[in-house]
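Number of protein chains: 6
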Amino acid sequence: MKAYFTRAYTLSASHRLHTEALSAEDNRTTFGKCNNPHGHGHNYRIEVTVGGPVDPATGMVINMATLDQVVNDVVIRRFDHMNLNLDPLFTHRVSTTENLSITVFDLLASALAPAILEKIRIEETENNFFEYSGSH
Amino acid sequence: MKAYFTRAYTLSASHRLHTEALSAEDNRTTFGKCNNPHGHGHNYRIEVTVGGPVDPATGMVINMATLDQVVNDVVIRRFDHMNLNLDPLFTHRVSTTENLSITVFDLLASALAPAILEKIRIEETENNFFEYSGSH
Amino acid sequence: MKAYFTRAYTLSASHRLHTEALSAEDNRTTFGKCNNPHGHGHNYRIEVTVGGPVDPATGMVINMATLDQVVNDVVIRRFDHMNLNLDPLFTHRVSTTENLSITVFDLLASALAPAILEKIRIEETENNFFEYSGSH
Amino acid sequence: MKAYFTRAYTLSASHRLHTEALSAEDNRTTFGKCNNPHGHGHNYRIEVTVGGPVDPATGMVINMATLDQVVNDVVIRRFDHMNLNLDPLFTHRVSTTENLSITVFDLLASALAPAILEKIRIEETENNFFEYSGSH
Amino acid sequence: MKAYFTRAYTLSASHRLHTEALSAEDNRTTFGKCNNPHGHGHNYRIEVTVGGPVDPATGMVINMATLDQVVNDVVIRRFDHMNLNLDPLFTHRVSTTENLSITVFDLLASALAPAILEKIRIEETENNFFEYSGSH
Amino acid sequence: MKAYFTRAYTLSASHRLHTEALSAEDNRTTFGKCNNPHGHGHNYRIEVTVGGPVDPATGMVINMATLDQVVNDVVIRRFDHMNLNLDPLFTHRVSTTENLSITVFDLLASALAPAILEKIRIEETENNFFEYSGSH
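Chains as they are written, first to last, in our numbering: chain A, 1381 to 1516; chain B, 1381 to 1516; chain C, 1381 to 1516; chain D, 1381 to 1516; chain E, 1381 to 1516; chain F, 1381 to 1516.
Hint data in this document are derived by calculation from the structure and do not stem from the laboratory.
Nothing here was measured: the structure is a model prediction, and the numbers come from that model.
Do not take every clue at face value.
You can't tell identical chains apart in this list, so a pair holds if it fits in one copy or across any two.
[What the hints assert, rightly or not] Straight-line Cα separation of at most 25 Å, SDA-like style, residue types lysine to any residue; simulated pairs: (1) K1499 to G1514; (2) K1413 to N1452; (3) K1382 to L1469; (4) K1413 to R1425; (5) K1413 to A1401; (6) K1413 to N1465; (7) K1499 to L1402; (8) K1382 to A1489; (9) K1413 to I1442; (10) K1499 to H1418; (11) K1413 to R1457; (12) K1413 to F1470; (13) K1382 to R1501; (14) K1382 to N1443; (15) K1413 to P1433; (16) K1413 to K1499.
With the sequences and hints as input, model every part of the structure.
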């Protein structure tokens, strides 16, 4: 018997889509206005899904206070009100929301163990979202 | 060929997170302010997902009027504007939203048969939600 | 020159609509299922609007951190995860969202002075909301 | 390693639920007010989910500009501000949202190839939605 | 002392923007794709705001059950799942959401008297809305 | 007789709250993490409200296509995917959302004349919004 608990967090950050693997012109073609040199920003809504059996004593999959502490320590403090491109994890990776989803998944999967992180879903705007469930 | 239809219902209820399996102090530590003795409340948004082939004559997975009647009879009338802790199903189960999801799934799965209930998703607040798809 | 800043807060509480001014039957007729004896609950979304000139140095109507502290001290701690009917302010007032709006306005207007509280708007559900701007 | 990108589009259309496979009375019983002879309308929100590996150079599953162009050419221009029942694809299929989901999936799956269309999700109203992932 | 209660209702309808006061070409220029001959549709969200003193006995501005009955009788039954252009009130008025707002205001203001209808707000889509408060 | 039409636009931008009128330490105290030196970002939702009589021929307060063109020319192209602090209008004004609201109001009020701009409302996040109606 398995149930899933999802909790949403928000963070505001700036970034610029740009890669040294492409020429200046190809960067503009590929990333459009997201390649503007001075960067822009988003309110990211990050949904963290944890799965597992429901503890018969507490009726919970995971204690929400525990989850909040891990997510704040590992993700929110690191990226909130920051420029993503300046984080060492994005030195050699374009700061797309696809890559942010993978990065957040990898950071949380180890920090939450032995609880099972099932999925990260990030809304970049209310009409664009990204999901990643690990590389199993 | 399988398609999925999901319909959302809302109910307002009060509850208190408390279990006789724990001491008074452990109840406070585990459940925090949700253990306040006089209870509190939520507007729960319950999404019911039914799956199956699309009927070639009607173009439907399930008739919405049928679904509404079953959900109202079995779930809404039972829990809306009630105190969850006073329902016999929660006498020996903590009234967490995990357990509410499982309870609603089990009540609806049998009431909707032979239609296939795929999933119950309950939003406790707009930032916390819970999913259960049965114990297969 | 006047601008308005609004910030939304949420609280979960239980209540029961019932007044000693009416008979048991009139209570049921007037309040319907909201008169159920064991109470029910809501997630209230409370929007607090402050108005005033924009400070030329800071570019702000009011510092958000200041507002958060006042609202948490005066409103959230008092009502969140509580039974509204047990608060002394509702001993002789029905705990409708109209009266909750007036109560929250009066508590905050004095606590925020000299900043000007313009309006309280409370969403009881996403389809019902209430507004109060004081008794001027 | 697979990630998913979902982008939402909206279109407004009118339709009427009616099938020649049923008598006039059975049409009314089955479809209720959706069978009203002069039609009615909806704002449909269509979520298109594409899955695949993240390109190491661009950090993307699919370029959003490419996706927009295909969806606009194949779906939005065809159905936006139209009467669904007059489209040849609905001559012999009831214009339910189940059938609209299947229709949109089939149109986009071939137009987007070799990119992988994972799912179409259509919100008919904020409380009713439909999903289809193909007939594999 | 005045408070405001707002309740939201939804209705789905089809319409076409077209006026005999303009040539066919001017109709197309003015109304764009909303002038498509076969019509299109929307889910309209209609917010009805009633203002007045809070009744000391009931704690209410207006009884929600009373409001629901009037709005259903006068507005929802008339326009839900209908073609607006076929209603006599739109024979000589373009069925824009501006005119729908005025029409709904005028229908409800008299039906709700002596309660005071303060405002009608109609969302045509989540990004377009219209407000009307009467011709005082 | 006056009606109001509101249309929402979104733009993504980065900014940093910082003023030369304050010391480095006072900047940190006043603006908190919004003073982080590398900036951060938001998805701003900008609601533009235009008021006026409803044109008897077209049934409109203002043509939506006209409004879209002005807002795109004057506001969206200028600020979308940009760093607000680098715009000349923010050289001597802190880029708070209060000041962005006033800036957008002033830019649009003249560009939309003789149509009447009634209000600008900017959502910085879904829980914080700002309104400005001019300096009358």
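Structure-based check of each hint:
no.	hint	verdict
1	K1499 to G1514	both (7 Å within a copy, 19 Å between copies)
2	K1413 to N1452	between (31 Å within a copy, 15 Å between copies)
3	K1382 to L1469	between (33 Å within a copy, 19 Å between copies)
4	K1413 to R1425	both (22 Å within a copy, 18 Å between copies)
5	K1413 to A1401	within (18 Å within a copy, 33 Å between copies)
6	K1413 to N1465	both (16 Å within a copy, 17 Å between copies)
7	K1499 to L1402	neither (31 Å within a copy, 31 Å between copies)
8	K1382 to A1489	both (18 Å within a copy, 16 Å between copies)
9	K1413 to I1442	between (41 Å within a copy, 17 Å between copies)
10	K1499 to H1418	neither (32 Å within a copy, 30 Å between copies)
11	K1413 to R1457	between (28 Å within a copy, 10 Å between copies)
12	K1413 to F1470	both (19 Å within a copy, 21 Å between copies)
13	K1382 to R1501	both (20 Å within a copy, 13 Å between copies)
14	K1382 to N1443	within (16 Å within a copy, 29 Å between copies)
15	K1413 to P1433	between (45 Å within a copy, 24 Å between copies)
16	K1413 to K1499	neither (29 Å within a copy, 28 Å between copies)
Consistency with the previously given hints fails for numbers 7, 10, 16, ordered from lowest to highest.
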